[in-house]
Amino acid sequence: MNLDLTTEQKIMQASAKDFLSKHCHSDVSRAARDADEVYPLALWKQMAQMGWMGITIEEQYDGTEGNVQDLSVLMEAMGAASAPLPYFTTVAVCGTALQQSSNSVLKEALLPAIAAGDLVASYALIEPGNSYGLSNIQCAATAQGDCYVINGTKLFVEYARGADYFLVVTVVEGSGLALFMVDASSEGISLRSMPTLDYSKQCEVKLQNVQVASKNLVAIGDEAMALLLSVEQVAAVAKSAEILGAIQLVTDISVTYAKDRTQFDQPIGGFQSIQHHCANMAVEVDSSRYLTGMAAWKVAQGLPAQKEVSMAKAFASKAGVRICKLGHQIHGAISFCDEHDMHLFLRKSQSASMAFGDADYHNEKVAQSLGL
Amino acid sequence: MDFTFTDKEQAFYEELDDFLNAELPVDWGSKPVRWPHDYAESPMKDAKDYEVARAFVKKVVAKGWFTISWPKEYGGKGYSNVEQAIYDERMSYHRAPGGSSGSIAAGIVGPMLLRIGTLEQQQKWIPRIANAEISMWLGYSEPNAGSDLGSVRTSAVEDGDDYVLNGQKCWSSGAHNADYSWMIVRTDPDARKHQGVSFIIVDNKTPGITMRPVYNILGDHSFNEVFMDNARVPKENLIGGKNKGFYHLMKALDFERITLVGIGGFKRMFEELLDYVKNNTRNGEPLGKIPSVRSKMADIATKIEVGYMLFWRTAEMLDRDQDPNVESSALKVVATELARDMAEAAMEILGPYGQLTEDSEYSPIRAMVSRGFLESISATIGAGTSEIQRNIIAQRGLGLPRV
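These protein sequence lines are chains A and P, in that order. Last residue of the first sequence: number 643 in the numbering used here, and the count goes up by one each step with no gaps. Last residue of the second sequence: number 673 in the numbering used here, and the count goes up by one each step with no gaps.
Derived from the structure by calculation, the hints contain no laboratory data. For glycine and all other residues, C-beta sits at the position ideal for the given N, C-alpha and C. Check before you lean on any hint, since a few could be wrong.
[Claimed, not checked] Now the stretches of chain P that chain A is said to cover, found in silico as 3 or more residues with beta-carbon under 8 angstroms: (1) 572-585; (2) 647-661; (3) 665-672.
[Said to hold, decoys possible] What follows is a list of derived Cβ distance ranges for each label pair: (4) A:Thr278 with P:Arg666: 52 to 62 angstroms; (5) A:Pro399 with P:Asp272: 54 to 64 angstroms; (6) P:Asp288 with A:Gly573: 19 to 29 angstroms; (7) P:Lys394 with A:Gln284: 22 to 32 angstroms.
[What the hints assert, rightly or not] The calculated DSBU-like cross-link candidates involving lysine-lysine, where the alpha carbons are at most 35 angstroms apart (straight line), are: (8) A:Lys596 with P:Lys463; (9) P:Lys394 with P:Lys318; (10) P:Lys278 with A:Lys281; (11) A:Lys281 with P:Lys301; (12) P:Lys512 with P:Lys548; (13) P:Lys333 with P:Lys537; (14) P:Lys394 with A:Lys530; (15) A:Lys293 with A:Lys316; (16) P:Lys463 with A:Lys530; (17) A:Lys530 with P:Lys333; (18) A:Lys281 with P:Lys537; (19) P:Lys463 with P:Lys537; (20) A:Lys596 with P:Lys329.
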């Protein structure tokens, strides 16, 4: 038993921190928010050169074949940087889905491009009136020759305007769920911006008679259901790690501020009310760290992991916002201003808590895995 | 992160679990009426069960497990902290007597003697502790020294070969059933308050010592007030050097926080609650189908998992010579607040039946929840309140100033 990172992971963590602090500090996030460019492409390419896009991709597709624990190290680093990039959608979600697909032609076509940083993908799951889960998918795919024709509306598609492909969750009559990688430039796709808290440039994606070649089918039927549940686990771990990165950083800057800021002729960190806020933050960060670590370890080992994954995501989803609010309280009025970084983490924590299932959704999954 | 046990650890886990299943009476799980991580001394209903407990502890001692992580030359097995943690987890899960969570002598005093005792002191005390021949109580708190332990006033004045003790201890859990006290006393009245105290082992039978029972929230004789009136204690019983007590106290409190958790007890109690929820109805509906019940059960299961994570983290850090001072206080805060949260959630889930205090056909889980509701009040107060733990985390862990 060793709950530290491996030596390789520590090296990767240090290099990610170093790189992101130089090239992805909070001014980059603010600039990206206000820019026409969907995400900072130059930064994306640099990260690809460091091998980040291929971290979980098999070697035969030009990746480095790391596991979910390795992915978590990078997601944590990006959470701490509040990175304005489609990394989660491309690598954690679409990359994982492709990796687990049995369609080797599609894998051969797309995975090396993802690993190289040449392909950005986003996922199109939620539909109007739906929230988390797969129980009421209406977006329909109909077979027509060697194509499928897709009709439907998807919401909350992150970085949609920058995506080359969408991973679209559909239903095929008689077969159940079907997953496609849909070329974003296909005829019949229209985008409408729907800005959200965390500046992730989300869109409504309408698909009207969009023709998709059968070779772009990722999975169908029981295979699609199993694949999506598996992707949901990886995505939930990745989001928990991203929240962890954000709240560790919030705790660090709050403790530093409490030591520096003087009121009543003493550092405010000397007051027990502030000390207890800081202690509560540290305890919850640690709790989240090991729950997420346990979940990532189980997934990486191929062990049944639903309970641990949902525990980690449910906990992180609540702890994230709770810790950010304590961070705001310690920083005082300046943290209510755009120029201060606190709100970036508050926004990120809230949005991440709602990606791939919030606390209630995952609590219910925990209850199910307890046999209730 | 790697959560796997080594082959040796896994083998020990299985051997211990098999031993517990074989050696404890089949219905033992229903005998002790202790809520996880409280600081109460809860009596067993049937006096015969104390005999069973004593006989069982002898078998644990014979296995060498009672002092499992002590060095071999002191009667231990030289096992790692993770193995010690496995022992604590399994013993508390099975509600077995003799787990270090039930033994101040083996869990706190023994390890302290191994660290700071002289060779003569170790030779005198260690074998008797290792063989479970003697039991001890913690003589820390006084009427005016609770969270502020540096304020102890019980005086120990040198006189010939003895120290002469005068003063009063309180909240002395189990002192009436124990043989000796691991006591902190003031040996220099003129020094600054943290620099004039020492540890000393005091025989309960010393003339001049009297006890008054204090009944706890459940009406059980759990605490005592202990009075020292010119009680003469041999100088050789002073441990760790004169006036060095506060220096050692932090370590003693660390041992207390780690060894007294009894993490397996949470899992066991949760399993009983889960079993009840799965097999009972309310207003004609299965309890387990009620959304608020499902949510509460999931929440408690997650908090127990957090407790387990911090528990293993503390142990594996100790094995790699890292100092888990934040983790041990975090574990204490999390586990003790969980003791209250679990009782509160269980009470809400059981509704009006949760308030029953006597075992009957109407009282779920042997009326344990009403006990837990009351007993768990002690959890966040004993062994350093949650507030003191947070001070430690902030000051020792995060480096915030002591003002």
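Here's how the hints hold up against the structure:
no., hint, result
1, 572-585, "holds (count 8)"
2, 647-661, "holds (count 4)"
3, 665-672, "holds (count 7)"
4, A:Thr278 with P:Arg666: 52 to 62 angstroms, "violated, 28 angstroms"
5, A:Pro399 with P:Asp272: 54 to 64 angstroms, "violated, 44 angstroms"
6, P:Asp288 with A:Gly573: 19 to 29 angstroms, "holds, 28 angstroms"
7, P:Lys394 with A:Gln284: 22 to 32 angstroms, "violated, 50 angstroms"
8, A:Lys596 with P:Lys463, "violated, 39 angstroms"
9, P:Lys394 with P:Lys318, "holds, 32 angstroms"
10, P:Lys278 with A:Lys281, "holds, 28 angstroms"
11, A:Lys281 with P:Lys301, "violated, 48 angstroms"
12, P:Lys512 with P:Lys548, "violated, 58 angstroms"
13, P:Lys333 with P:Lys537, "holds, 25 angstroms"
14, P:Lys394 with A:Lys530, "violated, 48 angstroms"
15, A:Lys293 with A:Lys316, "holds, 15 angstroms"
16, P:Lys463 with A:Lys530, "holds, 27 angstroms"
17, A:Lys530 with P:Lys333, "violated, 51 angstroms"
18, A:Lys281 with P:Lys537, "holds, 33 angstroms"
19, P:Lys463 with P:Lys537, "violated, 42 angstroms"
20, A:Lys596 with P:Lys329, "violated, 53 angstroms"
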